[in-house]
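Q: What follows is the residue order along each chain.
Number of protein chains: 2
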Amino acid sequence: MLIQEKITQAKSILREHDIDCWLTFVRETSLNGDPTLPFLIEGDLTWHSALIVTKTHAYAIVGQYDKKGVEDLQAYDEVVGYVQGIKAHVTDYMRRINPKKIAINYSTGSEICDGLTHGMFLTLRDYLYEIDFQDRLVPAEKIISALRQRKTEAEIAAITEAIHLTDRIYAEVAKIIKPGMTEKEIAAFMRQRVTEAGAGYAWDPKSCPAVFTGPDTAEAHYGPTDRVVERGHIVFMDFGLKVNEYCSDLQRTFYILKEGERQAPPDVQRGFDTIVASIELARKRMRPGVEGIEIDRTAREYIVQAGYPEYPHGLGHQVGRFAHDGTALLGPAWEKYAQKPFQKLEQGMVFTIEPRLPVPDRGIATVEEMVVVTETGAEYLSSPQKELILIS
Amino acid sequence: MLIQEKITQAKSILREHDIDCWLTFVRETSLNGDPTLPFLIEGDLTWHSALIVTKTHAYAIVGQYDKKGVEDLQAYDEVVGYVQGIKAHVTDYMRRINPKKIAINYSTGSEICDGLTHGMFLTLRDYLYEIDFQDRLVPAEKIISALRQRKTEAEIAAITEAIHLTDRIYAEVAKIIKPGMTEKEIAAFMRQRVTEAGAGYAWDPKSCPAVFTGPDTAEAHYGPTDRVVERGHIVFMDFGLKVNEYCSDLQRTFYILKEGERQAPPDVQRGFDTIVASIELARKRMRPGVEGIEIDRTAREYIVQAGYPEYPHGLGHQVGRFAHDGTALLGPAWEKYAQKPFQKLEQGMVFTIEPRLPVPDRGIATVEEMVVVTETGAEYLSSPQKELILIS
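Protein chains in written order, with the working numbering: chain W, 38 to 429; chain D, 38 to 429.
Certain hints may be false.
A pair counts as met if it fits within one copy or between any two copies, since identical chains are not told apart.
[What the hints assert, rightly or not] Derived pair list, reagent style DSS-like, types lysine-lysine, alpha-carbon separation capped at 30 angstroms:
1) Lys179 <-> Lys221
2) Lys179 <-> Lys124
3) Lys295 <-> Lys373
4) Lys295 <-> Lys43
5) Lys373 <-> Lys138
6) Lys295 <-> Lys138
Source of the hints: derived by calculation from the structure; they are not laboratory data.
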């Protein structure tokens with residue numbers, strides 16, 4: 038169903054960009070998978086395979102043993118199975134379609150559009166030399182970006198379900214955190230809840246949830262340690278789930294009250310409030326047509342003007358089948374982000390907003406919300422954290 | 038430990054091939070993973086990352102948030118973390134190493150050596166243009182192939198453990214198969230055993246185990262169906278597990294006795310015996326220095342001379358971290374196999390041997406064993422199936 042829906046969407050994107058052929062060329066996808074593949078087939082393809090979408094049709098050329106599985110999808114007008122080699126089939130189809138442009142899955146600036154390996158590129162170019170089509174190759178970045186970012190209702194529903202489950206587990210863990218618990222114990226509790234819910238993880242479970250307590254932690258992309266929760270420290274977590282193949286990605290900030298404290302001290306409260314305000318400011322500027330760099334700048338400047346250092350990453354990324362998904366980014370003009378911050382927002386995009394700042398001797402204040410871009414703005418998909426979660 | 042061991046091995050392979058620098062260049066590896074990565078790091082890398090191995094040293098350049106995780110491996114002499122961009126770090130290291138050749142991970146002929154995406158290739162080439170090193174790039178196929186195929190004792194031990202568990206579950210399922218059961222019911226029983234054992238699957242669990250009963254099935258790469266086991270039919274299964282990140286891949290053939298039958302009828306027995314004999318013939322010809330095509334030809338000709346059609350695939354593939362792993366292949370000179378069948382066998386390689394043949398109106402007779410190439414020959418890692426498994 039999803040695949041039929043997405044291939045129909047792809048045809049319309051090809052018409053919109055006037056590209057008459059999009060070719061996904063893969064082999065042994067269980068070990069070298071193109072990130073576009075889950076929109077085009079279920080499971081894996083073994084031998085060299087070509088998935089061809091035109092403005093009106095879709096064709097698949099796959100190894101004989103993969104043919105029946107692809108036919109079952111009822112998404113392709115023709116499915117060819119071969120035994121010895123794919124070359125003659127690819128050149129036959131290309132001659133028949135005779136496209137002015139053949140869009141293929143590579144991009145320097147967007148990893149999500151860069152599933153074609155260099156070896157497969159060379160192989161394909163050799164095939165096309167034989168029919169003098171080699172100069173028709175163009176990158177499929179616009180097609181793939183549009184296909185991923187224009188979320189259908191079913192996709193938004195799956196993401197929302199993942200968010201709700203994440204929210205629920207955050208609420209549960211808030212009740213059991215106590216001073217003296219280790220990051221690992223907190224993570225173990227949450228993983229147990231994930232198992233009970235039958236959900237998957239949005240990224241490598243070794244660092245999902247990531248739990249960081251106090252100052253001087255790895256701060257991100259690191260697994261929970263034996264470090265102990267201490268009074269007077271901030272604890273934050275980064276946690277995302279996968280439900281029906283779609284992801285959530287949320288961060289929450291906790292403060293561990295000292296004996297006698299009824300609320301967080303001013304330095305912690307001010308850091309947290311600055312984060313929450315910057316998220317809301319950023320969200321309010323989001324609408325179709327605005328570039329991501331503007332949104333990032335809004336939050337970044339707000340935080341710097343409040344006297345904190347700027348966060349060492351983008352403000353927010355898209356979310357979809359992967360926790361980091363899509364081309365357009367709410368980010369600064371840094372080398373590694375290439376042209377991503379200059380893409381215009383579009384209705385249906387799902388973004389995180391996740392600024393951070395250090396509170397000296399306390400830890401990191403950071404909140405990560407998820408929003409969807411609407412016709413006129415952006416709405417929270419998550420229930421935004423407006424108050425510090427106080428642990429006594 | 039494995040990573041330290043494999044990086045040490047990589048340095049010695051670089052010396053052997055006189056290549057003074059091997060560069061693995063990746064980003065967002067949770068969605069575009071280079072299959073070489075599990076030998077170089079644990080988990081994923083987020084931003085553009087360069088993993089550099091020379092004949093004597095190893096260096097990692099990674100995003101700031103991935104730095105601590107890579108340092109923890111204690112496998113790299115230097116770990117650099119960056120925030121905005123990697124380019125200057127890569128060109129600095131390349132100038133410092135000043136390699137005559139820079140081996141990178143692409144290959145037209147071997148998917149396991151083809152982890153570099155085309156977009157990342159273009160990015161790297163642009164970096165190297167700036168220091169006039171662009172002509173030093175060479176494919177790393179020989180390095181990666183050697184690294185994967187020369188299994189250490191620890192790797193063989195993990196594979197053997199996966200094989201033993203697979204054997205055990207095959208033995209258990211043989212006791213519960215009855216006429217009238219569906220392929221799905223058989224698979225469900227086996228999956229339950231996998232869960233109880235806490236093991237992983239060697240490939241997409243939708244078709245692991247694959248269960249095929251009788252004639253006119255999809256024959257491979259297809260999930261179990263509602264088709265019912267019938268007397269007088271052959272049932273075969275393809276099943277592989279992952280234990281400690283290493284895989285097994287085994288097929289077994291069952292015959293469902295008719296009422297009154299005490300043994301399989303001659304057509305079924307002859308088909309099965311032909312398969313078993315061809316496997317043993319092939320294994321006996323395996324030894325270091327022989328090309329895979331010779332081994333494939335041995336089994337293929339034996340089966341054809343016995344009056345059966347040739348199997349529409351290679352005789353056997355290597356197994357490792359993936360069920361299909363490695364460059365050298367026991368296969369015919371078909372387009373899709375490129376130069377793989379012409380690679381010479383080497384001590385430490387682990388192969389499947391998996392011929393098949395159809396028995397008209399009965400099903401497919403096929404057995405898949407696993408062997409390791411030794412100094413002088415090849416030895417079974419699996420307990421070879423010598424007799425049809427008879428179900429009454």
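Q: State for each hint whether it applies.
A: Cross-check of the supplied hints:
1. In this assembly of identical chains, the alpha carbons of Lys179 and Lys221 never lie at most 30 angstroms apart, being 42 angstroms within a copy and 41 angstroms across copies at closest.
2. Taking identical chains as interchangeable, the C-alpha atoms of Lys179 and Lys124 lie at most 30 angstroms apart whether they share a chain (27 angstroms) or sit on different chains (25 angstroms).
3. For the identical chains of this complex, Lys295 and Lys373 are neighbours neither inside a copy (41 angstroms) nor across copies (67 angstroms), given an alpha-carbon limit of 30 angstroms.
4. When the C-alpha separation of Lys295 and Lys43 is checked against a cutoff of 30 angstroms, the pair qualifies neither within a copy, at 53 angstroms, nor between copies, at 48 angstroms.
5. In this assembly of identical chains, Lys373 and Lys138 lie within 30 angstroms of each other by CA distance both inside one copy and across copies; the values are 28 angstroms within and 26 angstroms between.
6. Taking identical chains as interchangeable, the C-alpha atoms of Lys295 and Lys138 are never at most 30 angstroms apart, the minima being 65 angstroms within one chain and 59 angstroms between chains.
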